[in-house]
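Asker: Here the protein sequences come in this chain order: A, B, C and D.
The opening position of the first sequence corresponds to residue 43 in our numbering, with each subsequent residue numbered one higher.
The opening position of the second sequence corresponds to residue 43 in our numbering, with each subsequent residue numbered one higher.
The opening position of the third sequence corresponds to residue 43 in our numbering, with each subsequent residue numbered one higher.
The opening position of the fourth sequence corresponds to residue 43 in our numbering, with each subsequent residue numbered one higher.
It is worth saying that the hints were derived from the structure and are not from the lab.
Be aware that one or more of the hints could be misleading.
[As the list claims (entries may be wrong)] Below, simulated EDC-like cross-link-like pairs (lysine to aspartate or glutamate); rule was C-alpha separation at most 16 Å, straight line:
(1) D/Lys416 <-> C/Asp287
(2) D/Lys416 <-> D/Asp138
(3) D/Lys416 <-> D/Glu404
(4) D/Lys416 <-> C/Asp52
(5) D/Lys416 <-> D/Asp244
[Stated by the list, open to error] Quick look at which bits of chain C chain D covers, simulated, 3 or more residues with Cβ under 8 Å:
(6) 247-259
(7) 276-284
(8) 385-392
(9) 414-424
[What the hints assert, rightly or not] Computed far set for chain B versus chain A, every beta-carbon distance over 10 Å:
(10) Leu165
(11) Pro281
(12) Leu304
Don't be surprised by glycine CBs; every beta carbon is placed ideally from N, CA and C.
Number of protein chains: 4
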Amino acid sequence: MTDLLVTVGDLTITDRFYATRSMTESLASPLSAEDQTVQSMADVSPTKWHRAHTTWFFETFLLTPNLAGYRPFHPDFAYLFNSYYEGVGARYPRHDRGQLSRPGINEIAEYRAHVDHAMATLLEDPACGSCTGLVELGIQHEQQHQELLLMDIKHVLSRNPLLPAYDAVRLPKPSTASAPTWTHHPEGTYQLGHSAPGFCFDNELPRHREYVDAFAMADQPVTCGEWLAFMEDGGYHRPELWLSDGWATVQAEGWEHPLYWLESDGFWLEFTLGGPTPLNPAQPVCHISYYEADAFARWAGARLPTEVEWEVAAAGRPLTGQFLDHTKLHPTPVAGSPTGTTPFGNIWQWTSSAYSPYPGFESAPGAVGEYNGKFMVNQYVLRGGSCVTPPDHIRATYRNFFPPSARWAFSGLRTARNG
Amino acid sequence: MTDLLVTVGDLTITDRFYATRSMTESLASPLSAEDQTVQSMADVSPTKWHRAHTTWFFETFLLTPNLAGYRPFHPDFAYLFNSYYEGVGARYPRHDRGQLSRPGINEIAEYRAHVDHAMATLLEDPACGSCTGLVELGIQHEQQHQELLLMDIKHVLSRNPLLPAYDAVRLPKPSTASAPTWTHHPEGTYQLGHSAPGFCFDNELPRHREYVDAFAMADQPVTCGEWLAFMEDGGYHRPELWLSDGWATVQAEGWEHPLYWLESDGFWLEFTLGGPTPLNPAQPVCHISYYEADAFARWAGARLPTEVEWEVAAAGRPLTGQFLDHTKLHPTPVAGSPTGTTPFGNIWQWTSSAYSPYPGFESAPGAVGEYNGKFMVNQYVLRGGSCVTPPDHIRATYRNFFPPSARWAFSGLRTARNG
Amino acid sequence: MTDLLVTVGDLTITDRFYATRSMTESLASPLSAEDQTVQSMADVSPTKWHRAHTTWFFETFLLTPNLAGYRPFHPDFAYLFNSYYEGVGARYPRHDRGQLSRPGINEIAEYRAHVDHAMATLLEDPACGSCTGLVELGIQHEQQHQELLLMDIKHVLSRNPLLPAYDAVRLPKPSTASAPTWTHHPEGTYQLGHSAPGFCFDNELPRHREYVDAFAMADQPVTCGEWLAFMEDGGYHRPELWLSDGWATVQAEGWEHPLYWLESDGFWLEFTLGGPTPLNPAQPVCHISYYEADAFARWAGARLPTEVEWEVAAAGRPLTGQFLDHTKLHPTPVAGSPTGTTPFGNIWQWTSSAYSPYPGFESAPGAVGEYNGKFMVNQYVLRGGSCVTPPDHIRATYRNFFPPSARWAFSGLRTARNG
Amino acid sequence: MTDLLVTVGDLTITDRFYATRSMTESLASPLSAEDQTVQSMADVSPTKWHRAHTTWFFETFLLTPNLAGYRPFHPDFAYLFNSYYEGVGARYPRHDRGQLSRPGINEIAEYRAHVDHAMATLLEDPACGSCTGLVELGIQHEQQHQELLLMDIKHVLSRNPLLPAYDAVRLPKPSTASAPTWTHHPEGTYQLGHSAPGFCFDNELPRHREYVDAFAMADQPVTCGEWLAFMEDGGYHRPELWLSDGWATVQAEGWEHPLYWLESDGFWLEFTLGGPTPLNPAQPVCHISYYEADAFARWAGARLPTEVEWEVAAAGRPLTGQFLDHTKLHPTPVAGSPTGTTPFGNIWQWTSSAYSPYPGFESAPGAVGEYNGKFMVNQYVLRGGSCVTPPDHIRATYRNFFPPSARWAFSGLRTARNG
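Pulled out of the complex, with its shape left as it was, chain A reads as follows (with noise of 0.2 Å):
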């Protein structure tokens, strides 16, 4: 993993725009042609398509409407790499992308290239009033789209029985956690949602009061140690500890642990982008679904924070963590960690919120406005950023969401109590 660069720090716009699109081709070049055109599932999309989407969100919303005199680089690309923006056309169906053997890596290559160098014009025209606020997002778009990459990516390597591994990853040698320790909040009606300068998406806004009873929270994540246990008392056999919409997809799926664990000769190894490895029970579980860590929470005799909690209980912490600039890809012990306890990184936190609007939630006018609002239902919300969330993309009041199944984000758990 010698070529993962990130950069963090005080760089302008234009900065991080290289910055952030470098990264993006640091991301994809472990991966051989034939990596970056499979798609493995629905919710997968295709290396390559991660690429060229996050170039045509550019191309859409700030080259084409504002650079005087751009040409696409391909008339067709516009179908080809919406996601679902209904507000600028027709676009390729999602479950197909992985149909598409053309354009290769290589034109893909170019289309960056050829939007990159258009965009240097744009960054420097002072005339583009709203030109800034959208390149910001289109950053934080292309961050969001480095992880979808490497989450997905890990996927599709997955279902390979030879297993191969993204690129070479060192973890530590597995271990045992010490007992979590809890934090307890007092009640009281508090602020929440974006309030700091600098951006944020949408969907942390507006600001607001929520009123909140008093609550204790775990400060460690859930262990894979922790899951055993689960396992091994029925956890995965046991309908009294689920939802019911959860009991019937375990029994539908046929799940008995967490994605991307297996069993070999009695031993549990976890699949992870270094490939195959030893399950290490000091490590954060990870790659669960909601329904999962809402049964575990209640195997514990906890419950999952909801998402208000879960920010009260952040607020003012700083921002460190294992993000993707620690280059592990996987979660590691919060024990011996240099970051500590903090509420970030490692993994995504699933809360028992569903993904609502704030009070007095607006969304932006046009296409744009179509980023978080229209996916309001039947998600829920996760917290904290994961192992492979960029270091600068993420905050106390984000919000990252899932539909309640999903299990291929690096999502886990910590439980919270009452009083």
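Since chain A is already given, all that's left is putting chains B, C and D on it; use the hints.
Answerer: Leaving out everything else, chains B, C and D in the frame of chain A:
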């Protein structure tokens, strides 16, 4: 509809038990053996199944554990008529309920008589400590199935090209609604959830505090006339009005109007439990999904209320409205209604709140505890009761819930706004 | 089964019309309204649908075109009870026939009486030139549906956990079969297809020549005892015995034995129209698919006969056998049977011949021409008739046909060998 | 298409082995790594899979059992590249072949070289008695996959909105066909099946007799111009022309024309391996299903020939025609063709014969015996070879087969008539 006699008032629990049991049989009485056998989709249960399942509830949770020497009516009925209780053993698959020709309606009548007879003994037994609570729960459960029975048979009959009526129903002549009025509510921290004496479901507890911003809420439901305006303005063809999952559903299902609306030679009809009838513009719109309610509200420049806002607005209002005892079996216009403007009755009202546990929620122990908690995912809350809800089965704190794509409930909406 | 009176012999067509119509009602008479309403899979039709559809045939093809002043019983029945005739307009979807609670069984009885009454006039009208042929076709058609009615209700009842009987049936005690005997047939060019006077279906024509190599054919059907030996030898678990599509079906469906066999405490039972009964080793095996018949024959070192071979072997044999008039409604052992060894009755026998037109085949013009020809793809021919075939509805040239995965017909096999 | 060199003639088996292996690599050479990875439907295999699977055949059936000290190239390839041979162990699911990014095309090239190198030793070993037959089978098998490779990549590229060409192809200018001529054949008992020296597949044996009525057969295939007339006469909208399963397929799939036809501004184009090209009315129609061929023949007042008739008509004709070595990769008009009117080449011709074993057919023992016999159900026979069939891979007795709904083969038709 002459044989529909709904008994309300100050009755003993024994009286209420028999009144409820008798009401179920009254509701089934207009239906032939064939009508009572059909299952028109997986969500629908045959009428005879409802009659048997409500009986099974008393047999399983009251008679078998508490009545010495009780002999179950038939050894296989525990398997056939369990709905979803994992704690009491295996059950016949829900989507195959329409496959069962036996037991026939006469044998089910015998089953009901057998259980009613045995219940007489139990209801007089002062030693059964937990019985009163369970009998009350059984009554409430059977009342829920009375509404389901009518929802379900409406769906069954609607799928028949002959469009047969369930029974004769007298509906008001088509008229025009006046513009809705709005009531404003100040911001504040409110107490919510059940607190009065008397029965409530576990999902209405515990009473707890919520902070609410100032809001306004329409006093009247959205009407069919307003819905026609939405349709004429392209409501079902404009993706920008819809949640992403809603838009996908509209396209997959080919929705162009509410369920049960029919166009005939340029006129709109609505299929009711009294058969097809001309659409009444003044009548509250009914049989719409959460997705449609949400899209309409966005089109109207408003939004759905949260369930907290709904309850704040309904608190302290008298429990009057057009319920099952009005024997219309269809929503009727507010103007000219004897109950006037009321939050209750006519149609269930979608809220924007995902169905979640209240802070501090606890399920009851044992199989009865499966009643509500395990469904708290992937559903949205509806409030207020409908024209097919038994009148003594509603409260300001009552939480009904359905998946966002469901349309066969008597579901409509009132809109809300900030400030 | 006391009320089953099958009338055979030298009757006028009018007598035969009424005898056939009456027989259908006899077959339906043991069934409740609920029983007659259920459709247990797409291939199955409800009993009341069979009663109505056979009536529709006479109304559509005889009364409406030929009887002056005839008024159809109900304007929508043409839509509801058309099975597959494209030439006479739209039709209600086959897989939704179980959705129809109306018309109920009493209204269908009135429909039958209305048509029977009108047919009396037509049957006496010497002016209707084409009528005799169409009445004959209508009778033959209704006889086919008599067999289907029994096949279908057996499937319906078998899916009910209560395993109810259609009617009381007296079956012989379990016994042991003796080894099969073989009959050899020399090579030669044979005349095949219908030639005798009397009715035949279009698919039995024209009579034509076929060259056939020498072959031998078992005189008796394969028995349940032989099938148990196949099962015990791993028959359902050895892919080398199966056609590729057959093996895929075995695995997808989880087949381990013929349809309707049940294991209970180590004993084998068979569900019959008389309810569950101990498996009789001497009885012909029944309710097997083409795939199973083919695999068994391969396992036994034999093969299925072609339909040409079957007809060569059956030519000139008397039309005796265990048919519907024996009122067993289940295959019975050959040994001790009053009909002895015969190619006819007991079970339909799969042949290795895909269902194709004979050389020179021509469909009749008009909608009636859709009777057979359009099904000549993806099906295999069965010969001989079964225990639920009306006795005057079989010929040595009769061609029945089902898809190779179908098992709900009374289908078994006799094996053949080269030379 | 300059690098396509098909070698035919009097070569040793060793020469033919290397020529065939080399040809496969030539056919793959215009394709990128991405092109070779995609699977566009379950029936299609990725190019790189064809390259590996044909190699696996030699490794599994020749090298491993017969070459002392042979080391398989990779222990998992036996699992990944087995197509359907139950007798040699488990295999990777067919519909997931497009999920495999690894091994990549370079590793597969190494695999091919490894096996080719080892084959050199085996081919010189006189002790391997069964080798010659198996090498011959391996060559024939690889030739079949050469045609499949082209069929499959055509489908892959056709699904890409960019409509990329496989390679540059020079097709004749659109022209008009003259009316077809007919050849009459007398009734008689004919000898059919393979008898000449040289290789044939097991399904062409044994040679046997069949009685055939007098018939006439068109000398030329049905053209695109004739097909347009069928379309303009409502061919795809008239159920009376279709088999019942065919009509259901037309409606379910929305077929309005042959696969790969495109309408653009009122003009018809056809997607070819050279990209989109104007439709040529004189060209044989191609990429039609059995259902379409059958419906066309009925519309034209004719019928499909049986495979026996086809073989009678083709017997003794020279094996010339437009095959793969003509490098058109698309059917071309008969008029002006150097090969003139011939039963062979251009397009496979559907017959009305279900694919069945010949009288006396025997499979080879062992896994190789799974080659043909187990597919003898639910498929129809095609005869004659196509423009993508290797020229030394066809015979008058050659039996190709596909399910009646398949359209991605180069399949067309010639019509026949009685007498």
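Asker: Going back to the hint list, which numbers does this structure go against?
Answerer: 2, 4, 8 and 11
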